[in-house]
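Novice: Chains as they are written, first to last, in our numbering: chain A, 1 to 102; chain B, 1 to 491; chain C, 1 to 487.
Keep in mind the hints are simulated off the structure, nothing from the lab. Everything hinted at is true.
DEER-style ranges, computed between Cβ atoms:
no., chain 1, residue 1, chain 2, residue 2, range
1, B, 261, A, 42, 30 to 38 Å
2, A, 66, C, 293, 14 to 22 Å
3, B, 368, A, 62, 30 to 38 Å
4, B, 37, A, 84, 38 to 46 Å
5, B, 242, C, 139, 54 to 62 Å
6, B, 138, A, 22, 18 to 26 Å
7, A, 41, B, 37, 39 to 47 Å
8, C, 232, A, 12, 34 to 42 Å
9, A, 62, C, 374, 35 to 43 Å
10, B, 387, C, 159, 40 to 48 Å
11, A, 41, B, 111, 46 to 54 Å
Ideal Cβ positions, reconstructed from N, Cα and C, are used throughout, including at glycine.
Chain by chain, the residues:
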Amino acid sequence: MPERIDREQVTKVAKLSRLELSEAEVAEFTGQLSAILDYVEKMNELDTTDIEPLAHCLPLSNVFREDSVKESLGTEKALANAPQRDGPFFKVPKILDESFGA
Amino acid sequence: MDELSARQLREKIVAGEVRSAEAVAKVFERIEKFDPEVGAYISTYRDEAFETAEDVDRRVSAGEAVGVLAGVPVAIKDNMCTTFGATTCASKILENFHSPYNATVVEKLLAADAVIVGKANMDEFAMGSSTENSALKRTVNPWDANRVPGGSSGGPAAAVAGRLCSAALGSDTGGSIRQPAGFCGVVGLKPTYGRVSRFGLVAYGSSLDQIGPITRTVDDCALMLGVIAGHDPSDSTSVDEQTAHVPDYLEKLDQPVGNLKIANVPKFNEGADEQVRAALDEALDVYRQLGAEVLDIEMPHLDYAIAAYYVIATAEASSNLARYDGVHYGHRTERPRDYVEVYSKSRAEAFGKEVKRRIMLGTYALSSGYYDAYYLKALKVRNLIRNDFADAFGECNCIVMPVSPTTAFRLGDKIDDPLQMYLSDVYTIAANLAGIPGISIPCGFDDKGLPIGLQILAPAFGEAELLRIARMFEANTDWHKKAPPLESVDN
Amino acid sequence: MEDLAYKVMVGLEIHVQLCTRTKMFCGCALGFGEDANSRVCPVCLGMPGVLPVMNKEAVEYAVLAALALNCEIAEFTKWDRKSYYYPDLPKNYQISQYDLPLGANGFIEIASGSGQTKRIRITRAHLEEDAGKNLHTAGDFSQVDLNRTGTPLLEIVTEPDMSSAAEVRALAVELQRMVRYLGVSEADMQKGHMRFEPNINLVVTKDGAEYKTPIVEVKNLNSFRALERSVDFEIGRQLGEFAETGETMQMGNKSTRGWDDAKEVTVLQREKEEAHDYRYFPEPDLVPVELKGRWLKDVRAGLCELPLKKQMRFVSEYGLSEYDAGVLTAERSTAEFFDEAVKAGGDAKRVCNVLTQVGLKLANEKDCSIVELGIESEGVAQLCGMVEAGDISASASAQVFEQMAETGKKPDVLARELNLIQKSDAGELEAIVNKVLAENAQAVEDVAGGGKKSKKARGFLLGQVMQKTEGQANPKVVSEILDSKLG
Ligand SMILES: [Mg+2]
Ligand SMILES: [Zn+2]
Chain A
1 MPERIDREQV
11 TKVAKLSRLE
21 LSEAEVAEFT
31 GQLSAILDYV
41 EKMNELDTTD
51 IEPLAHCLPL
61 SNVFREDSVK
71 ESLGTEKALA
81 NAPQRDGPFF
91 KVPKILDESF
101 GA
Chain B
1 MDELSARQLR
11 EKIVAGEVRS
21 AEAVAKVFER
31 IEKFDPEVGA
41 YISTYRDEAF
51 ETAEDVDRRV
61 SAGEAVGVLA
71 GVPVAIKDNM
81 CTTFGATTCA
91 SKILENFHSP
101 YNATVVEKLL
111 AADAVIVGKA
121 NMDEFAMGSS
131 TENSALKRTV
141 NPWDANRVPG
151 GSSGGPAAAV
161 AGRLCSAALG
171 SDTGGSIRQP
181 AGFCGVVGLK
191 PTYGRVSRFG
201 LVAYGSSLDQ
211 IGPITRTVDD
221 CALMLGVIAG
231 HDPSDSTSVD
241 EQTAHVPDYL
251 EKLDQPVGNL
261 KIANVPKFNE
271 GADEQVRAAL
281 DEALDVYRQL
291 GAEVLDIEMP
301 HLDYAIAAYY
311 VIATAEASSN
321 LARYDGVHYG
331 HRTERPRDYV
341 EVYSKSRAEA
351 FGKEVKRRIM
361 LGTYALSSGY
371 YDAYYLKALK
381 VRNLIRNDFA
391 DAFGECNCIV
401 MPVSPTTAFR
411 LGDKIDDPLQ
421 MYLSDVYTIA
431 ANLAGIPGIS
441 IPCGFDDKGL
451 PIGLQILAPA
461 FGEAELLRIA
471 RMFEANTDWH
481 KKAPPLESVD
491 N
Chain C
1 MEDLAYKVMV
11 GLEIHVQLCT
21 RTKMFCGCAL
31 GFGEDANSRV
41 CPVCLGMPGV
51 LPVMNKEAVE
61 YAVLAALALN
71 CEIAEFTKWD
81 RKSYYYPDLP
91 KNYQISQYDL
101 PLGANGFIEI
111 ASGSGQTKRI
121 RITRAHLEED
131 AGKNLHTAGD
141 FSQVDLNRTG
151 TPLLEIVTEP
161 DMSSAAEVRA
171 LAVELQRMVR
181 YLGVSEADMQ
191 KGHMRFEPNI
201 NLVVTKDGAE
211 YKTPIVEVKN
221 LNSFRALERS
231 VDFEIGRQLG
241 EFAETGETMQ
251 MGNKSTRGWD
261 DAKEVTVLQR
271 EKEEAHDYRY
281 FPEPDLVPVE
291 LKGRWLKDVR
301 AGLCELPLKK
311 QMRFVSEYGL
321 SEYDAGVLTA
331 ERSTAEFFDE
341 AVKAGGDAKR
351 VCNVLTQVGL
361 KLANEKDCSI
371 VELGIESEGV
381 AQLCGMVEAG
391 DISASASAQV
401 FEQMAETGKK
411 PDVLARELNL
421 IQKSDAGELE
431 AIVNKVLAEN
441 AQAVEDVAGG
451 GKKSKKARGF
461 LLGQVMQKTE
471 GQANPKVVSE
481 ILDSKLG
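With the hints as extra help, turn the sequences into a complete structure.
Specialist: This is the structure:
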């Protein structure tokens with residue numbers, strides 16, 4: 001039986017997940033994820049045609065806060081856990097592709 | 001004094017009969033003696049603990065008011081943020097992370113004058129059923145050092161069972177409070193989703209996670225729940241008082257529930273170990289003798305709970321854990337070539353196998369082309385499961401089932417077979433999907449002397465009655481009074 | 001190059017920063033230009049364990065804007081997570097809205113010249129949180145500032161209904177005016193409060209067949225001018241490229257180009273639309289929003305007459321020129337002040353003149369709005385009435401207006417104090433006229449002679465009277481007396 005998910009897909013998912021995997025890990029995950037996905041396929045035994053998806057069990061809607069200012073942390077506390085900083089900034093290797101946005 | 005419940009200890013402290021500092025000293029003595037083997041704690045806070053204890057003692061002797069957990073030594077799972085020490089989630093990626101804020105439950109414990117003795121071990125990011133996925137510490141079952149304490153709240157459960165604290169807080173996403181409580185022979189409650197604030201609980205599966213007590217008695221469980229339950233404006237998913245009032249869980253605790261109807265799901269329980277099923281049957285007999293009616297029901301969709309859970313929980317986890325990227329806090333790889341490597345290498349280096357596996361699974365389930373087949377399908381199955389519960393609760397006060405198909409398994413037994421590990425959560429997961437409360441209480445031992453847990457599930461926000469039902473059993477059995485053999489070493 | 005017939009199609013993706021006091025999901029104050037990473041808290045830093053809580057005001061602002069954009073408001077709306085890794089996005093997902101935006105299927109009217117309007121369809125309007133900023137100026141690394149992280153943004157997506165750079169600009173200006181009228185955004189483009197990303201392509205007709213050029217999305221536009229120029233540039237560039245390569249729109253050949261403000265050209269940033277996989281799914285940390293009932297009604301009550309409608313009404317109802325109506329409606333408070341002054345009895349054109357020629361100039365000098373000058377609209381109406389009645393001259397009204405702002409006194413009081421009341425007493429003025437006529441016999445003769453000379457002489461006599469009264473005579477009354485004397 002072919003694997004539910006192949007190495008190529010595992011590599012793609014690893015990239016999407018920002019996880020650098022070794023060849024051995026890719027192989028291992030391919031087998032394990034396939035087994036798990038095979039099991040998950042079990043859901044297809046159920047006819048869910050008219051069933052609403054349930055993302056949340058809560059009896060709640062419209063939970064808000066008032067637009068009032070709370071004290072911020074301040075730069076020092078904000079950066080206290082930073083692996084690397086440059087003055088008041090978080091520091092990262094040069095970003096060359098400005099391809100993302102809101 | 002070890003056998004004082006948290007509630008009794010608190011009463012003695014308030015009455016001036018016992019000093020909190022003594023109780024704390026005793027706990028630290030035991031931690032020093034037994035925790036090197038048990039491995040329940042990732043970190044302990046001796047100085048802070050004594051400071052709090054002495055403050056409580058001073059206020060008691062000065063006749064000042066003290067909180068409902070005054071002077072009681074408690075442990076918290078290391079996925080709840082504290083401004084003292086690190087909050088690690090048992091992960092290398094957060095090994096040195098110091099939270100600038102306290103989780104709401106931590107604030108509530110402190111406001112109740114509890115003494116937080118330490119932060120307990122767990123599966124990394126609460127992903128696991130044996131605590132073997134901790135990257136920082138190995139925890140064993142206090143009843144048998146060759147066996148797992150369960151997970152992911154294995155540290156808190158082992159600490160409570162080993163009398164290394166009076167009570168603890170764990171978190172439960174798919175059974176992570178109830179299963180280790182069952183494996184360690186203590187009481188564990190997963191409250192209704194929305195009953196306890198998740199603010200400051202490091203998220204695993206946000207729509208499933210819930211903090212709850214792990215204690216030695218139902219009494220203590222009610223006490224602890226009373227402290228942590230309630231609305232929190234910082235958590236939009238915590239339910240307000242108007243929607244669901246927080247009652248005094250202790251008030252009617254000892255009143256048995258009249259006309260009690262208990263549902264049993266025999267077909268679903270078939271997969272459980274014979275001794276586990278026998279213990280369940282005996283527990284049902286106890287209830288029958290107490291006047292309860294036991295009805296057999298079917299819940300046709302429970303068999304699909306694991307499948308739905310491992311899609312939903314991992315999908316949410318893949319997103320929740322995206323923030324651990326080595327940019328703003330946490331582990332960063334040494335010499336990244338570019339900023340993308342900061343992500344991919346830091347995460348590869350510092351996440352454990354199970355965490356990677358779940359991130360991968362969840363990412364896949366949400367990725368384009370697979371969303372409908374996996375994620376959306378799982379949400380629909382979730383609805384079917386919730387409906388099963390709604391139907392069942394139309395006929396009964398509560399549903400009983402095993403906590404786990406087996407008693408505590410051996411260290412290393414399932415660690416290389418993730419699917420087998422997942423399948424061990426078969427009885428606990430449905431409650432998380434349906435958002436309902438569930439409790440695990442000791443109901444016997446197998447022939448190896450390992451504890452067996454009884455799980456009772458109740459309708460949403462039905463904790464008060466659930467605790468009363470559990471208390472009925474506890475008041476008529478002695479299982480909860482048994483302490484693990486560590487005890488004999490001490491004596 | 002052959003002459004090709006073509007149509008331009010531009011759609012806009014717009015991000016408008018809402019002017020709430022605090023961020024979308026935490027209590028950090030919004031700001032501009034503060035020290036880096038000073039306006040952040042565990043929530044907007046995406047620290048472990050934090051949870052978002054919706055800012056009610058932000059939701060209300062967004063709904064108000066969506067209503068003004070004639071959108072259908074979703075009764076049930078929710079939040080979704082949009083996943084992508086980027087250093088200015090601390091959680092590595094953005095809380096946004098995916099399949100159930102709060103507003104959809106709306107439209108905005110823009111002026112299309114000579115009193116006509118054009119309707120641009122709005123595909124959707126949704127609320128989301130902004131990212132922080134990555135800075136690349138420090139050296140061989142980048143800096144990350146998260147102050148902006150979590151700022152509430154209204155994202156508006158239009159259909160590709162704009163067919164020229166001028167229309168794109170008109171929409172941008174109109175939207176700016178609109179959100180300012182509603183008070184939901186400061187809409188300052190330089191400060192990044194409004195960000196426009198046009199999607200541009202052409203439908204070219206060649207040999208009787210129509211061809212669509214590949215869509216180009218343009219980024220880095222920091223002014224209306226840049227927005228307009230970039231569209232014009234793209235039209236020319238795409239036309240040239242089509243003539244050269246004949247490449248047409250295909251799945252996935254959408255590219256992104258950045259605007260170089262100095263060179264006034266677009267520069268290729270990304271060749272092919274990368275297959276983004278944002279893995280949207282419902283945000284489990286937030287509950288749904290139900291926009292209905294009393295609450296929606298209360299929000300709707302915040303609507304006002306929108307600027308373009310107001311502008312057109314000023315033209316049709318008050319007979320103002322398009323230009324004047326545009327000036328008066330640029331800001332809501334000025335337009336409403338004008339309306340009030342007219343309702344208080346001021347002649348519309350005269351009120352317009354006073355406000356545009358004196359009021360706005362003064363406000364500009366003081367760097368405030370007209371309403372902030374401290375003048376009552378009734379006072380302006382009264383001032384205009386005095387000019388109308390001839391009590392003061394039009395030029396004196398400017399001085400009175402300025403003093404009204406200075407002192408807060410009423411115009412009639414000021415006119416008297418400043419000695420600006422014109423003499424209209426016919427008896428008094430007749431004596432002066434008689435005197436002037438007696439002293440200037442030659443001019444009187446010239447008037448009687450008729451022709452060109454007559455008109456000039458009559459003007460001279462009027463001037464003499466004004467001189468003798470030191471300019472305080474009402475010229476209208478003097479003219480009447482002169483007429484009766486000279487026949
Ligand atoms: Mg957006
Ligand atoms: Zn903040």
